[in-house]
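Fit chains B, C and D with the ligands to the known structure of chain A by using the hints.
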Amino acid sequence: MNAESPLAVSPAPLELHVPEPAARPGDAPDFSHLHIPPAGIVPRPATDAPESSMRELPYQLIRVLDGQGKAVGPWNPKLSAERLRHGLRTMLRTRAFDERMVRLQRTGKTSFYIKSTGEEAIGVAQAFALNRDDMCFTSYRQQGLLFARDWPMVDLICQIFNNRKDRLKGRQLPVLYSAREAGYYSLSGNVGSRFPHAVGWAMASAYKRDTRIASAWIGDGTSAEGDFHYALTFASVYHAPVILNVVNNQWAISTPQAIAGGNEATFASRALGFGLPGLRVDGNDFLAVYAATEWAAERARRNLGATLIELYTYRAAAHSTSDDPSKYRPEGEANAWPLGDPVERLKQHLIGLGEWSEERHAAVIAEAEEEVRAAVKEAESHGTLHSGDDDLESLFEDVFETMPQHLRDQLDELRSIG
Amino acid sequence: MNAESPLAVSPAPLELHVPEPAARPGDAPDFSHLHIPPAGIVPRPATDAPESSMRELPYQLIRVLDGQGKAVGPWNPKLSAERLRHGLRTMLRTRAFDERMVRLQRTGKTSFYIKSTGEEAIGVAQAFALNRDDMCFTSYRQQGLLFARDWPMVDLICQIFNNRKDRLKGRQLPVLYSAREAGYYSLSGNVGSRFPHAVGWAMASAYKRDTRIASAWIGDGTSAEGDFHYALTFASVYHAPVILNVVNNQWAISTPQAIAGGNEATFASRALGFGLPGLRVDGNDFLAVYAATEWAAERARRNLGATLIELYTYRAAAHSTSDDPSKYRPEGEANAWPLGDPVERLKQHLIGLGEWSEERHAAVIAEAEEEVRAAVKEAESHGTLHSGDDDLESLFEDVFETMPQHLRDQLDELRSIG
Amino acid sequence: MSSMNMVQALNSAMDVMLTRDPNVLVFGEDVGYFGGVFRCTAGLQAKHGRQRVFDAPIAEGGIVATAVGMGAYGLRPVVEIQFADYILPAFDQLVSEASRLRYRSAGEFWAPITVRSPCGGGIHGGQTHSQSPESIFTHISGLKTVMPSTPYDAKGLLIAAIEDNDPVIFLEPKRLYNGPFDGHHDRPLQPWASHPAGEVPDDYYRIELGKASIVRPGKACTVLTYGTMVHVCLAAVEESGIDAEVIDLRSLFPIDVETITASVARTGRCVIAHEASRTSGFGAELGQLVQEHCFHSLEAPIRRVTGWDTPYPHALEWKYFPGPKRVVHALKSVMEN
Amino acid sequence: MSSMNMVQALNSAMDVMLTRDPNVLVFGEDVGYFGGVFRCTAGLQAKHGRQRVFDAPIAEGGIVATAVGMGAYGLRPVVEIQFADYILPAFDQLVSEASRLRYRSAGEFWAPITVRSPCGGGIHGGQTHSQSPESIFTHISGLKTVMPSTPYDAKGLLIAAIEDNDPVIFLEPKRLYNGPFDGHHDRPLQPWASHPAGEVPDDYYRIELGKASIVRPGKACTVLTYGTMVHVCLAAVEESGIDAEVIDLRSLFPIDVETITASVARTGRCVIAHEASRTSGFGAELGQLVQEHCFHSLEAPIRRVTGWDTPYPHALEWKYFPGPKRVVHALKSVMEN
Ligand SMILES: Cc1ncc(C[n+]2csc(CCOP(=O)(O)OP(=O)(O)O)c2C)c(N)n1
Ligand SMILES: Cc1ncc(C[n+]2csc(CCOP(=O)(O)OP(=O)(O)O)c2C)c(N)n1
Ligand SMILES: [Mg+2]
Ligand SMILES: [Mg+2]
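Residue numbers (our numbering), protein chains in the order written: chain A, 2 to 419; chain B, 2 to 419; chain C, 78 to 414; chain D, 78 to 414.
Rather than coming from a laboratory, the hints here were simulated on the basis of the structure. One should not assume that every hint holds.
[Claimed, not checked] Partial list, derived from the structure: chain C residues whose beta carbon lies under 8 Å from chain A:
no.: 1; residue: Ala144
no.: 2; residue: Arg177
no.: 3; residue: Ala183
no.: 4; residue: Gly184
no.: 5; residue: Asn242
no.: 6; residue: Asp243
no.: 7; residue: Ser271
no.: 8; residue: His272
Quick caveat: nothing in here was measured; it's all calculated off a predicted structure. Where is the CB? At the ideal position from N, CA and C, for every residue including glycine.
So here's chain A without its partners, still in its complex pose (with noise of 0.2 Å):
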């Protein structure tokens, strides 16, 4: 057909290319490929600028916190140092309460745990410039974001033991949470189905000339689920007021985000093609992602519409208590991470202003560990995993919103049979 094409003539042969990380197990933490610019030198525009002034966001970093802990540039939030405080503090909780968990687990107190480490400011510094009867659809790891809505640690852990008091009555795997109140979306095994939720209840909210708006998180590795182009796509046509994150943590348990894409564009720059603004964020910088936060929630509140923000960060512990990362990266990768560590950055910017020191922290710490603690105690006496007390009804209740005659049948065979 195109004999005048230069490239009938027996071109070379293809190749299957197949990506790799930088670094493996043996390896030495090699992120020498990364480009980080310095912090303070991206543009903040109006909220209300239009999409195509704002093309080249997505492929710069928003950041704050400089490498002596100053805040600088357009995005620093001005944050009052109670507020900072407070976030700091929230990240400890955070992190104390995600330490104790997988040591319980680790003594067969339960089955099973997802820590947060390293990604603490995203729940945190996210839950603090929303509005507190925003709704969230979370993946299993912004639980900062219920730290920072106060609410209460016993209710967390009874749901992690499956016990007497566990709201979801034992029907779910550990962290897959749900809080209502919280303002916190009913978690699934599933990654990324309810992302267009988000969507869709922002919408809702919007129906109803509402004020309150929604915010999704989901991984760099399930950003290939078609449920993220759903809701990128909705969001753009609906213009829905809602947040759409991408918690880029390089890893999708032992698969680096090359295999999501990750090589070829930034995620923040997948907005581009739906019209949205697409915010790429130190996510280990809690200024940075406040502020980016908070000028998304500004948009959609404003009816301006859905902004995508990846957030750059790194999963500093495993997967989950199942997963053994020695396997597959090399030792030492989460501390090579260029962009720090979220609490110690906090922590040296606060020291900085003379707000904070090694003292206080020492002793929130030891607070937040005791506070963990009593609240470890208190739910075990509501028991743990395995500790009896079958409610055989609720087996079969809530599957519908009120009980079939079959399910009552099963839930006889059940009584009667075992």
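Frame of chain A; chains B, C and D with the ligands shown alone:
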């Protein structure tokens, strides 16, 4: 939570945005909002240029034929007059075929047909820019490709008639062709679901160190399906040698392209989030379509990966013979389309070159009509719809490679009971 | 009361609910300005406004997903999937989300959504405009599945589905949109106007989900069926001269076990008819259910009359469709034993 | 011959096929460098190279879709879906594409793909790591569905599935990966090393799809089962003291009707056991099939022992799981009649 955030103070209520097209029945057609840049102004990068240097392309419109029908600018593929005439003839054959099939449908000789009127440059010019053994994963509106590859009209009509010579054994709705020898992949009624097959096929070609590439087509409306996202993701990650085309013909049945996000961004810009080049092309400009496809094919064949092409055009006919567009769009919209008609524009170009005339044009139309007439006649000699000859066995064949026992039993049941 | 075909009855149900409940909204592909490819939503956007009845992107998974999110907010979305064949891209959202939300959140969130979709063949639609996927939904705990066979039932059941606080798959046998098709495709179309169930109240009424309807009482055997096949079976019963009881299930889940078992206990014989493919079709569940409950009353094997275990072919549509001949044959065969 | 658990047997099947056939390739989430979350592909990338065994994006629909495209090209992709619960986003690709491609193109294109996925509960995985979706696949014309219950069968069936020119859903009961679990979760784990079917040839062999295996001959009644429940039923039969014949179907589709009906014709009684939910589970089809073929031999109603019609709960996993007690009860009840 955000006591410091300005918008916590009584924001105005949200409102749900539902986009509408500029004109509806009763209105005058209105394309005044479209920005149509002049031909020849878009630069043509080298096929191995870095993606980061090509990020303006999705927002431009590659056009070669100017208002006077002259070929201008760096995208001019400089085709020989012979090739251009062949292209024009093939578009005219496609159009003659479409016209005749719709008339046959009206007389009840077939139940269904789909025209490509106004979009003929796409199937035809793109086939010209590909090798004959490149595999094409089309939608139902690129029949021009089959004529460009000299696939026998009789064969297509036998499928449309579901007659004795229908190679698809009457199993498929008319126009859902399959023609492996023509590099034309099996169609299905589901929209979009073959789009990622093209990527898998291209990955296989690369895996086998073959030199063949794949090309896939999807409609503006269908780009909202998850399959579109899968295709872009896998093509991006594995550098698949594939061309991914979005045919933006402004409508999806009665639904304007705005409902697929077309008012928010160009479909070509979907490429950006995957680090792929995105070309936006005047789909009614044979030369521009050829040039863009040739460029993308060269990239794919040089193992440089995939390209997304948005073909900007207008669906001049009804969606299908089951559709009545006067119910949802203004009369005369096709004629008002600012990019004209692909046949007229190539004709004007050839006449300008002194390589064509009104007389030759009329003669080729007459020839094409005669060719179709003869093909219909021959196809009719093999039967038309509902002309009996039921091959009951064929109903049960090809469900599996070999017919399992339960299907033999069901065949017996059908034979004995009816 | 008005004479309505099934399309008009469905339209009326949505109209009534849009009027009564500001939390009801309707969206789907082509349902807005145009009113749907089968015209079921014609006029609703003009009457209720663009925010309440609108077009959706061609993304069935996205349609169901956003509906679930709206449901969680407190709305009652009614979505249309253009053909039941195209529900499948939304299958994960229906199974993993809509049907599981209430259980996993212990009642904190739920998805009171209605998913309407035309199903079944007999309109020369070929493989992908003819399928009847109901059986796979009945396997999913947390979903309800409904299929009406008349305009009267369609409106009453759709209103009940919209008001239901659980997700409902509402399948509309498209071959019945315009008339009560009895399977004789070579005879002239019967309009609904000449059928008593084509008389439909203009206002609100509901038919409880989970109640079957005995559309023809009889003593000799029981025919369990739904959708288009209700009319095919009625015709076949007349042709066979066998005094069969024909039960229109209307709701596959919840299923009206009492009506079914009471009938088979009386007749001792049972034929099950559906248009969907046989293997693991809903007839399998019905057969096993009847067998479990009525084993000692059964005088003959339960017979299934179904579509074949093949895709729905285009040209040989009527060889695939389980028409009256096959039903008559099954009736005779259960009577012989 | 080596002693292998089921994971090793599956690994060996893929290793053998990667070695024999350059058109075989393996991909899926985490299957490359890491070797899969259940380690089924451990070592295969290191041995066969990154182009032949690699990680895929988290997009089950995309995994199956690209596999279909590769199949159309002429490859034999073997893909892993990390948990059977996550097959659903790929359901449309399996139903509308993989299973229909050959038929609609009249044999021009086909999809010789194998979709492996761990299914079933008993590992404390909660609602979305425990489901058994087999029944919905058996309703789809054009798909084959297989579920092994031993390492020996797993390897032979997987090789047959990979060589098959039709799409095969290959479900692996994950609770059996490490040992033949009999349902007594409070007793110590049995390793495969102590089970005869844990002895597995190192080289190529195949077990034809569509052949059931009588794992315990008996005269009093027939037990139809597959996957984990094979071992549960065997244990229950011993406990009950009833001389039941236990049939491991191995392949749900194609189904070995002869072996099933010959057995029930002999025993006159039948229990069906599966872990999936009851309503419209594969037990429905099995029950109706037996009833159609063996009506006159049946001396008691066919009983189903299944998971409940609820999601798979986390804490009450063992109240959901259809353990030996329930099987014994069903055996006794069919013997009473
Ligand atoms: C639909 C679905 N597919 C696959 C899985 C298995 N799975 C659980 S978590 C996970 C990785 C997710 O990675 P990412 O999205 O990057 O989030 P992260 O864990 O890094 O926060 C996978 C594959 C799942 N739970 N659901
Ligand atoms: C999965 C699926 N959903 C819906 C449909 C119904 N349908 C057929 S064509 C069409 C419109 C497609 O529009 P577009 O993608 O713009 O292509 P065009 O017809 O304009 O070429 C729709 C909604 C379908 N065939 N398949
Ligand atoms: Mg990740
Ligand atoms: Mg279109």
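Against chain A, run the beta carbon of Asp243 of chain C and see if the smallest gap drops under 8 Å.
Interface hint status for Asp243 of chain C: holds (5 Å vs cutoff 8 Å).
Identify whether the interface hint at Ser271 of chain C stands, where standing means a beta carbon of chain A within less than 8 Å of its own.
With a closest approach of 37 Å, the Ser271 of chain C hint is violated.
For the hint on Gly184 of chain C, just tell me whether its beta-carbon gets within less than 8 Å of chain A.
Check passed: Cβ of Gly184 of chain C comes within 5 Å of chain A, closer than 8 Å.
Taking the closest Cβ pair, is Ala144 of chain C under 8 Å from chain A?
Because about 6 Å separates Ala144 of chain C from the closest Cβ in chain A, which is inside the 8 Å limit, the hint holds.
Taking 8 Å as the limit, does the beta-carbon of His272 of chain C come near enough to a beta-carbon in chain A?
Because about 32 Å separates His272 of chain C from the closest Cβ in chain A, which is outside the 8 Å limit, the hint is violated.
Go through the hint on Ala183 of chain C and say holds or violated, using the shortest Cβ distance to chain A against 8 Å.
5 Å, holds
Chain A contact restraint on Arg177 of chain C - CB to CB distance below 8 Å:
Hint holds; Arg177 of chain C Cβ to chain A Cβ min 7 Å, cut 8 Å.
Given Asn242 of chain C as an interface hint, is its Cβ closer than 8 Å to any Cβ of chain A?
4 Å, holds
The structure is inconsistent with the numbered hints 7, 8, although it conforms to all the rest.
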